[in-house]
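S.K.: For reference, the chains in residue letters:
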Amino acid sequence: MVVNNLKLLVGGVQLRDGVTTITDILGKMFVRAGLHVLAMEKGYASTIYGAHQYDPVVVAETPPLSYGDDRTDILVALEFDTNPDVQPQPNRDTLLRHGKNLKDGGVLLYDSTTSLVDTSDLEARGVKVFPLPARQIALRELKREVVKNTVVTGAFLRLIEFDMDYALFGQYLEERFAKRGREIVELNLEAARRGRAVIEEIMKAHGWADVGYRLEPRPVERPMVLVNGNEALSMGAILAGCRFYAGYPITPASSILEFMEAHLPRYNGRALQGQNERESIRAAIGASITGVRSAIGSSGPGISLKVEEFGVAGVTETPIVIIDTQRAGPSTGMPTKPEQGDLAMAVYAGHGEIPRIVLAAGTVEECYTMAFEAFDLADKYQCPVFLLTDLTLADGRKNLPEAFFAQQRRPVVRHGLLREADLTGDGYRRYAVTESGISPRNVPGVPGAIFKMSGSEHDEMGMVTTDPPKRKAMHEKRMRKMQTYLKEDVKPPQVVGTPDGVPLLVGWGSTKLPLLDAQRQLREEGLETAVVYFTHLWPLPVHLVRPLLQRGSTVIVVEGNYNGQLADLIQQECLIETRRILKYNGRPFYTSDITGGVRQLLANGTRVVRVGDRAPTVVLETVPEGD
Amino acid sequence: MVVNNLKLLVGGVQLRDGVTTITDILGKMFVRAGLHVLAMEKGYASTIYGAHQYDPVVVAETPPLSYGDDRTDILVALEFDTNPDVQPQPNRDTLLRHGKNLKDGGVLLYDSTTSLVDTSDLEARGVKVFPLPARQIALRELKREVVKNTVVTGAFLRLIEFDMDYALFGQYLEERFAKRGREIVELNLEAARRGRAVIEEIMKAHGWADVGYRLEPRPVERPMVLVNGNEALSMGAILAGCRFYAGYPITPASSILEFMEAHLPRYNGRALQGQNERESIRAAIGASITGVRSAIGSSGPGISLKVEEFGVAGVTETPIVIIDTQRAGPSTGMPTKPEQGDLAMAVYAGHGEIPRIVLAAGTVEECYTMAFEAFDLADKYQCPVFLLTDLTLADGRKNLPEAFFAQQRRPVVRHGLLREADLTGDGYRRYAVTESGISPRNVPGVPGAIFKMSGSEHDEMGMVTTDPPKRKAMHEKRMRKMQTYLKEDVKPPQVVGTPDGVPLLVGWGSTKLPLLDAQRQLREEGLETAVVYFTHLWPLPVHLVRPLLQRGSTVIVVEGNYNGQLADLIQQECLIETRRILKYNGRPFYTSDITGGVRQLLANGTRVVRVGDRAPTVVLETVPEGD
Amino acid sequence: MATTPAAAAKVWEQNATPRHRIQWCPGCGDFGVLAALKMALGRLELMPHEVLLVGGIGCSGQIRNYLNGNGFHGAHGAPLAYATGAKMANPELTVITLAGDGDTLAIGMENFVHVSRRDPHVTLIIMNNGVYGLTKGQNSPTAGLGQTMEVHTEETPPFVDPLRLALVSGASFAAQSFSGDPKHCAEIYAEAIKHNGFAVVNDFSPCVTYNKFNTYEWYKEHVEDIPAGHDPSSKDAAWALLDDFDRRGRLPVGVVYRAPRKKKPHRRLPIWDEEFADVDPTPMLQPFR
Amino acid sequence: MATTPAAAAKVWEQNATPRHRIQWCPGCGDFGVLAALKMALGRLELMPHEVLLVGGIGCSGQIRNYLNGNGFHGAHGAPLAYATGAKMANPELTVITLAGDGDTLAIGMENFVHVSRRDPHVTLIIMNNGVYGLTKGQNSPTAGLGQTMEVHTEETPPFVDPLRLALVSGASFAAQSFSGDPKHCAEIYAEAIKHNGFAVVNDFSPCVTYNKFNTYEWYKEHVEDIPAGHDPSSKDAAWALLDDFDRRGRLPVGVVYRAPRKKKPHRRLPIWDEEFADVDPTPMLQPFR
Ligand SMILES: Cc1ncc(C[n+]2csc(CCOP(=O)(O)OP(=O)(O)O)c2C)c(N)n1
Ligand SMILES: Cc1ncc(C[n+]2csc(CCOP(=O)(O)OP(=O)(O)O)c2C)c(N)n1
Ligand code: SF4
Ligand code: SF4
Ligand SMILES: [Mg+2]
Ligand SMILES: [Mg+2]
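Here the protein sequences come in this chain order: A, B, C and D.
Using the working numbering, the letters of the first sequence map in sequence onto residues 65 to 691.
Using the working numbering, the letters of the second sequence map in sequence onto residues 65 to 691.
Using the working numbering, the letters of the third sequence map in sequence onto residues 38 to 326.
Using the working numbering, the letters of the fourth sequence map in sequence onto residues 38 to 326.
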C-alpha cells in the first residue's frame, strides 16, 4: 500500500469530457487535506474540441520535485466512445497514449458507457481495471449528463479511500453550487455515491481489499492555495504596483490577461485586450510614459511582433515589463506545448543595441517573487525588463502556503519618479548624462517641467541629434545602466550542492525541478553533481558566473531548445566550453532525460545530447491538431 | 603639385543647394576620364530641407582604399548665406564643420553671394581661398538661379585644371539637356565659363600659377560606371532572377525599391511599395510560394517589424532574401547615419529557432556578387537569407569596370523546383525528411500534386502535428540544412596577409576598405597584421574560422556597433577571446580609428577600444535634425 | 479545369486529408462554410492544383486542411497579404483566403483595408463568429453585433461592420452569407471567386461554444435575403441597402456590391530557368555610364 | 490652466526649443498647422505641462518639437496607440497626436481603425500631404486625391478618405481643415481638443517639395466651408454632406461630425507610493483556497 504518493493522469476528449474540471476539484480537495500537489504537464491541443487532453497530477506528503517522468499510477480515462481514426481496440486516446506508461500494478478507471475495452495486456501487468459506465449512470439514472464527471470523481475517491465522508467534497459542492440550489448539491453527492458503488462492486467481485494507493489527510499547519504560474505572476504584478496591463490573447499568456481584467479594476488599474500585438505594447508604453507601472504579456509569435517597441522603450527610456510565457516555436509552432526557445530573442531582438534586463522564473513561486523584481528593475533602469516563463509554468499548478505570498511581498517604492517639489529651476533634462546611466524621470502632468521623449537619438533635452560626440555619450549612458545593474541588482545563479570538481548541471526556467530531481537521482546512483540555476540571464554577471563555472569538472547546460541558448550565452560571455542536453519535442524535461543525458555525456566525449525521441509514445498515425 | 589624388568635399544646405548634383556631375566626368572615384561618406540629415549636407569624394589614379580620414584637400561650400543659429563668423555650416579638416595648403571655394567670410585662420595655414559669388552670377548675370551650381562647377574644374575644353562637361550637358533645347546647354556652358573667369582673376590677383592639385585624364582601357551599393545590389538581384521585390520606404533602403520599380517591370517582374513593413514581406512570401525569386529590403526599424515573418518563412520553408541596409539604431536612431548594429538581430531575431543564412557585403562589388549568392542560397535551402549591407555601402559610390558586371554574373538555375514531370505518383511530400534537410519543392499551379504549407509544426505532408517524435524529426530536418550549407556552400573569411603570429584585424561589412587601408598604414609603420574579413556570418563555419583565428597573435574585431556583435559570435562559436575596436557615433570607420585603436590595444591590456569621440568636430551647440 | 462537372464536384467533395478528424466543435458554423466551399469549387470546375487556400489562424483557419487544394498558413492576421503577393506573382491561380473575424479584423485590420484598396483578384471569406474561438472565446472586433451599448469605455469598443469597412476601403465586391444555409453560401462564394477583384464575403458562422448571443437561432431571426431588385453595381444602392437593413435591425444576405474595376492585365512572373534566358542588363547599366 | 488668457497664449507662442531651426521646406503646409495649434492651445488656456503631444514619424511628426508641451515620439505608425494608453492611464492629460498621412493611414492603419472604435479622448491631427515627405515623396495612401484612375493595378491603389474611414470605424468627431488658413484651423482644432472622445482632423497640409498636384492653389480651388446649417450631430447628415461635396468635386472644411458618446468615467491610475498603501490581496487569493 502506497500512502500519499501517487501520480494520477486524467485524460479525455477536449472540451467535451471536462478533464480539468476533475483535476481542479481533486487538486483543491487534496490541498485542503494538507497534501502537496504538483501538476505541471497539463496536456491540451490547440483546437477547442475533440483532441485528446490530459492532466497528470503528482500528489505527495512533502512538496514533490519530480513530475514522475511518464510513469503513471492511476489512469482515469474519460472518453466514453471510440476514436474513429483508429480501428484496433483498445481505441480510446487516453488508453492508447498513456496506457503503456501505467505502472505494473497500477490502476485504470475508464468510462465504459459505449463498450468494454480489452485491457487484458494491462491486467497481465497487474493493473487493476475499473470499467465505470459513468456517462450512462449520469444520463439514464440521474438524467443529467453533466454529472458524469462527478460519478467519476466519486469512483476515484473510493479508489484512493479519500474523503470517504465527503466532508471536503461536500464543502466544495456547497461553495460551488449552493447559490444555485440545494438540489444540485444533492444530485452531485448522489452521483459520487453511484460511482463509489460501482467501484465497490468491482472490488468485491475481484476480491480486492484496496487498489494499493491511498491518500490520507494531514494536519493542516498553514493554509495552502493551489495556483498556476500565471496566477502567481499576475498576483505578484498587481501587488508590485502594475496598474496597466495589455495583451492580445495568445496561448499560454491569455490567462494573465483574464486575471488582470478580472482584478485590476478593483485596484484602480486597467487591463486592455489589444486589437493586435502592437497595440497592446504601444498602449502599455503610453501608460508607462504617464508613470504607471505597465506590463504586457504574450508568447513567442506575439513577442516577435512587438520587437520594434523594445527599441522604442529602450531609447525613450520608458519602463516596461515584458512577460513571455514561452511556447514551442518557431512561427505558430506548437501553441500548447512548452519550450525555452525565446531566450536569444529576449537578449538580442531588435536592430541596434539597447539596455535590457532578462529574468526567468523557474517555479510557480518565482513567478510571484520575480514579478516584484521585474517591476522594480524596470522602474529603476527605465528600460524593458523581460520576465520569461514558459507553458509548463504558466499552466502548471502547485500548492503554496498563503503565508508565502505575504512574506514575499515587497512594498511599492517608485525610485526616481520626480514630484513637483523635485523640479526646481529651469534645467530639467529628461536624459541627463549620469554616471549610473540613470536619468531623473518626470512624467507629463507634473507641473514644473515639460520634456520631450524620443526614439530618435537625442541630446539631454530629448531633442533629436546626430552630433557624433553627443550620440556617443547618450548611447553609452543608456548602455551604462547595464553596468550599474550588474553592480547593484543582479543576482548570481542559485547553486545547489558543492560545485567543486563535479559536473555542473546548469539550467534556467522550468527545468529547475527536473534538474533538482535529477541531481537527487544521480546522487542515489553515486554521482555527485551541483545544480547551477540562472534566474538573471542578461546581462550575464560574468564576474560571478565565470569563477563559479570554473569550479566544476564540466559544464552541462540543460535546456528546452535546439541550440542551447543559455549555453551559447555562457560561451560568448565566459569563454567556457559547455556541453548540452537539449529537448525540443514539445514536452517538458523528465528526470530521466537529464540523468540519461548526463550519463551519456560523461561516458563519451559527446558535446550535445538531444533527448526526447521517445516520450510520450504516440500510436496514432497522425495526431489531429490545430494551430 | 599633387596629380590625380585628392579628396574633395562639397557641402551646403540640403535640398536647396544641390550638393549631390555637383558631385554627380563631377563623379561621372572623372570616371569617363579614366580616374577612380570613391565616395562613401555621403552626409545628409533625416529632414528634407535646411540641414547641412556634405559629400566627400576621393579621386585617384588607382582604385583608392582609403576614405582619406577626415582630411580634405578641396572644400566647396555652397551656402550663400549665414546660419541663423550661430553668431560668430565664419558661420556657414560647411566651413564651420569641415574647415578645420582642410589640409594645410588646401583649397577653399565658397559662395560669397551674401558676404565675404573671414578665412584668415585658414589662409594662415596656407589654404588658398576662392570666394565666388555664384548665386549672384546666376541670378543677376544669367537670370537663372538654377545654374548657380554650374558656376561652381566651372570654377572647380578650373581649380583642378580638368576638362578645360569642356569636352566631357559639354557631353554631359548634351546628354542631360539636349532634349530640352540648345539654349539650356549653352546657358550652362556660359555659367561654367563665368565661374572659371572668377577663379582666374583671383589666381592672377594672388599670383598663383596653380592650386597645388590637378586631375589629368587617363587612357580609358575598360569603360567604367559609377554606382552605389544599392544600385549594384539591385542589378545583381534582377540578374539573379529576382522578379518580385517589396519594400516600405525607409532610409537607406528606399533607393532599392525605386530601382526595382523602375526596372523590374521591364524584366516581367513586379515591385510593390508595401503599405507597411509587414505587408511588404508578406506579399513577398506570397510571391515566393508561387516559385518566384522574391526579396524585401528595409533597414533596422523595418526589419524589427518583420521579425515574425522570418519564422514563417523558416517553418513553411519559403525562400526569401532579406536585404537590411543597416543604419544607426536602435529605434528610429539616426536614420541617415551608418552602423553595423543588426547582425545579432539577423542571427537571432524571432522566437524559437529556424535555419537561416546571414551574409554581409563589404564593398560595392560584393553588393552585386553576393546578391547572386543570396538568391541561390535561398532557393537551395528554402529559408530566409539575410543580405546585410549598411548605409555607407547603400549610398557609397565607386567606379567599376562594366566588364565586372558581365564577368560576375551567374545564370539563373532553379535548383530543386519540381516540374510537372517530376511529380510522378501520389506520394509528393512537401516536407519530406531528408538527409540534407532539403525537401523537394513544388509550387501551386503545377499539375500533379497539391500540398499544404504551414507555419505550425507539421508532418511531411504539411499537416499540423504535435507528436513529439515527428516534431523532433521535422525540427531537426529544418535545422540540418545549416549543416549542409556549412558543408557545401559556406565561404571562409577572406584573409589578406599571413595570419601566423601577427595581430588579426577581423571585420565584416563596410569596414573592409578601412581595414585594408589600416593594414597598409600599419605595415608602413612597421607592424605586420593580417586582415580576416567575413562575408558569410551565420551559421559561422567554426571548422574554418577557429583554426584560422588561432594562427594569429591576437584577434582584434573591428565593428561599427556597441557590443561587438561579430566578436560575440566568434567567442560563442569558437571559444576564442576577442578584443574589439568599436565605433557607433554615426560615422564610418576611418583608417586612423583602426590604426590608433590597434596601437592602443597592443600597448596595454585593454580588451575594448571605443573610438569616435572626436571626429568630425561639430561646433554647433545643437545640430538641427529630424527623424 | 476538371474533365467533367461531376468529376470536378467529386474531387472537391473528398476530404483533403481523410486521416484527419475535423477538429471543430459539433455544430460549429465552419462546417457549413466547408460544405459550401466544396459545392462552390466543384461548381466552378476548378482543379485542386489550381487553387491556393490561404488560411488564417483560428478555428476557422483550419478549414484549409479539410479542403482540397494547395494550402498556405503563416502568421496570424497575415493571410490577405500573402494572398495578394501570390496572386500578383501568379494570376493563373485561384486564390482564396479563409480566416476568422479576429484574424481579419483585429490583428489583420491593416491588411483588410489596404488589400481592399489594392483589389487583387482574391476571395476572402470571413468566418465571422464574434469571438476568438481558438483562444477560448474572447471578444473579437465583431463582438456585440445586435446589442446596443449604453456606456462606452476604451476597453470594450463597439463592433466593426466588415462590409461597410470594405466598401469605404474600396473593395469591389462585398457580400454576406450565413453558414447555416450552405447552399446559399455556395452560390455567393462562387460569385465571389469569379469576381475579378477583391471579393469580401462576411459569413456569419456561429461559434456554438463561446458565442451564446449570436446563435443559429438568433441569425435565423435576423438574416434576410437581399431583395431581387437590388442593383449591386451601384455603390449608392449598396449603402442604401445597408442603411435600410440596419434601420430594420436585419442582416442582409447575398451580394451587396459588385463593381469590377478596369484592371491592368498581368502575366505569371518568370520562375523557370528558360524564362531567364535572354535578360539584357544594358538598360540598367546605361544610366551609370 | 494658465493664469490669464494672454499668459496662456504667450506660453504657446514661444518656440518650444528656440535653439532649433525649424526643419521644414519654406512654404511647407506644416507651418500653418503649427501656427494654428499655438492659437488653439492658447485659446484653450492649457498649460504646457498638461499637454502630451505624441508625434508620428515624418516631416509632420517633427512638429512635436516646435511646440510647447511634453512630447513623445516612438515608432512609425504607432502614435495613436501610445496616445490611447497614455490617456487611459491619465485622463487629466490633454493628449494630441500629430502625424502624417503615411504614418496614420499606411503603416498606422491598424491603429486608426481600432482607436476610432475605442474612442479615447485623444485628438488626432493628420497632416495630410499625399506623400511620404520625409522619405522623399513616395505616394502615401491619400495620394491621388482629385485624380481619377482609369486602369487599376495592385501596385497603385486608389486613395483613402480618412473621414469616411473614421466615420465607418466609429470616431465620434471628424473634421477637415486646410493649413493654408491657420485661423480657421485653430477653431477646428480647439473644437477637436475639447471633444470628449476620439477627434480626427484631416488637415490638408501641402508638401511643396514633392506633391506637385495637390498644391496650395489646388486646395484653394477645392476647399469649401461646411454650410452653417449642417448638423454635425447627425451621422446621416455627415454622410450626406460628404456625398454632396464628393459629387461636386469639393473638399468640405469644418466639423463634419460630432456626437460624443456616453463615457464611463475613469480616474488617473495610481503611480505614487502612497497610492499603493492599502492594497489587500485577499480578493485575488480567495478563489485559490
Ligand atoms: C501573433 C499571434 N497572436 C495571437 C495568437 C493567438 N491566436 C490564435 S487564433 C486567435 C484568434 C482567433 O480568432 P478568429 O480569427 O476570429 O478565429 P476563430 O477561432 O474565431 O475562428 C488568436 C488571438 C497567434 N496565433 N498569433
Ligand atoms: C518602421 C519604419 N518604416 C519606415 C520608416 C521610414 N519613414 C520615415 S517617415 C515615413 C513616411 C512619412 O510620411 P508621412 O507620415 O505622410 O509624413 P510626412 O513626411 O509626409 O509629413 C517613412 C516611411 C520608418 N521611420 N520606420
Ligand atoms: S470554439 Fe467555436 S469557432 Fe471554434 S470550433 Fe468550436 S464552435 Fe467552432
Ligand atoms: S518635404 Fe514636403 S512635407 Fe516635408 S518639409 Fe518639405 S514641404 Fe513639408
Ligand atoms: Mg472568430
Ligand atoms: Mg505625408
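Calculated directly from the structure, the hints in this document are not laboratory data.
Using N, Cα and C, we set each Cβ at its ideal position, and we do this for glycine too.
Incorrect hints may appear among the rest.
[Unchecked claim] Which bits of chain B does chain C cover? Going by a derived footprint, with three or more residues having C-beta under 8 Å, they are: (1) 125-137; (2) 285-298; (3) 335-342; (4) 517-526.
[Claimed, not checked] Chain C is nowhere near these chain B residues, computed Cβ spacing over 10 Å in every case: (5) 98; (6) 179; (7) 185; (8) 225; (9) 242; (10) 322; (11) 347; (12) 353; (13) 358; (14) 375; (15) 380; (16) 481; (17) 488; (18) 499.
S.K.: Would you mind marking each hint as holding or not holding in the structure?
M.R.: Comparing the hints with the structure gives:
Counting residues of the segment 125-137 of chain B whose beta-carbon sits less than 8 Å from any beta-carbon of chain C gives 0, not enough to reach three: the coverage restraint is violated. With 6 residues bearing a CB less than 8 Å from a CB of chain C, the segment 285-298 of chain B meets the requirement of three and the coverage assertion stands. Figure legend: the segment 335-342 of chain B, annotated as covered by chain C; annotation consistent (4 residues with Cβ-Cβ distances under 8 Å, at least 3 required). Counting residues of the segment 517-526 of chain B whose C-beta sits closer than 8 Å to any C-beta of chain C gives 6, which meets the bar of three, so the coverage hint holds.
Separation of residue 98 (chain B) from chain C is adequate, the least Cβ-Cβ distance of about 14 Å exceeding the 10 Å criterion. Distance to chain C confirms residue 179 (chain B) as a non-interface residue, since its nearest Cβ pair spans about 39 Å, more than 10 Å. Listed as a non-interface residue, residue 185 (chain B) keeps its Cβ farther than 10 Å from every Cβ of chain C; the least gap is roughly 40 Å. Look at residue 225 (chain B): its CB is around 24 Å from the nearest CB on chain C, clear of 10 Å, so calling it non-interface holds up.
For residue 242 (chain B), the condition that its CB be more than 10 Å from all CB atoms of chain C holds, with the nearest at approximately 16 Å. The Cβ of residue 322 (chain B) sits about 12 Å from the closest Cβ of chain C, beyond the 10 Å cut-off, so the non-interface label holds. Listed as outside the interface, residue 347 (chain B) is inconsistent with that label: its C-beta sits roughly 3 Å from the nearest C-beta of chain C, within the 10 Å cut-off. The beta carbon of residue 353 (chain B) sits about 5 Å from the closest Cβ of chain C, which is not more than 10 Å, so the claim that it is off the interface is violated.
Against the 10 Å criterion, residue 358 (chain B) falls within the reach of chain C, whose nearest CB is about 8 Å from its own CB. Chain C draws residue 375 (chain B) into its interface by the beta-carbon criterion, the shortest separation being 8 Å against a cut-off of 10 Å. Not every C-beta of chain C lies more than 10 Å from that of residue 380 (chain B), the closest at about 6 Å, which undercuts listing it as non-interface. With a least beta-carbon separation of about 7 Å from chain C, residue 481 (chain B) fails to lie farther than 10 Å from that chain, contradicting its non-interface assignment.
Non-interface status of residue 488 (chain B) relative to chain C is upheld: no Cβ of that chain comes within 10 Å, the nearest being about 14 Å off. Against chain C, the non-interface label of residue 499 (chain B) holds: every CB pair exceeds 10 Å, the least being about 25 Å.
Violation of the numbered hints given earlier is confined to hints 1, 11, 12, 13, 14, 15, 16; the remaining hints are satisfied by the structure.
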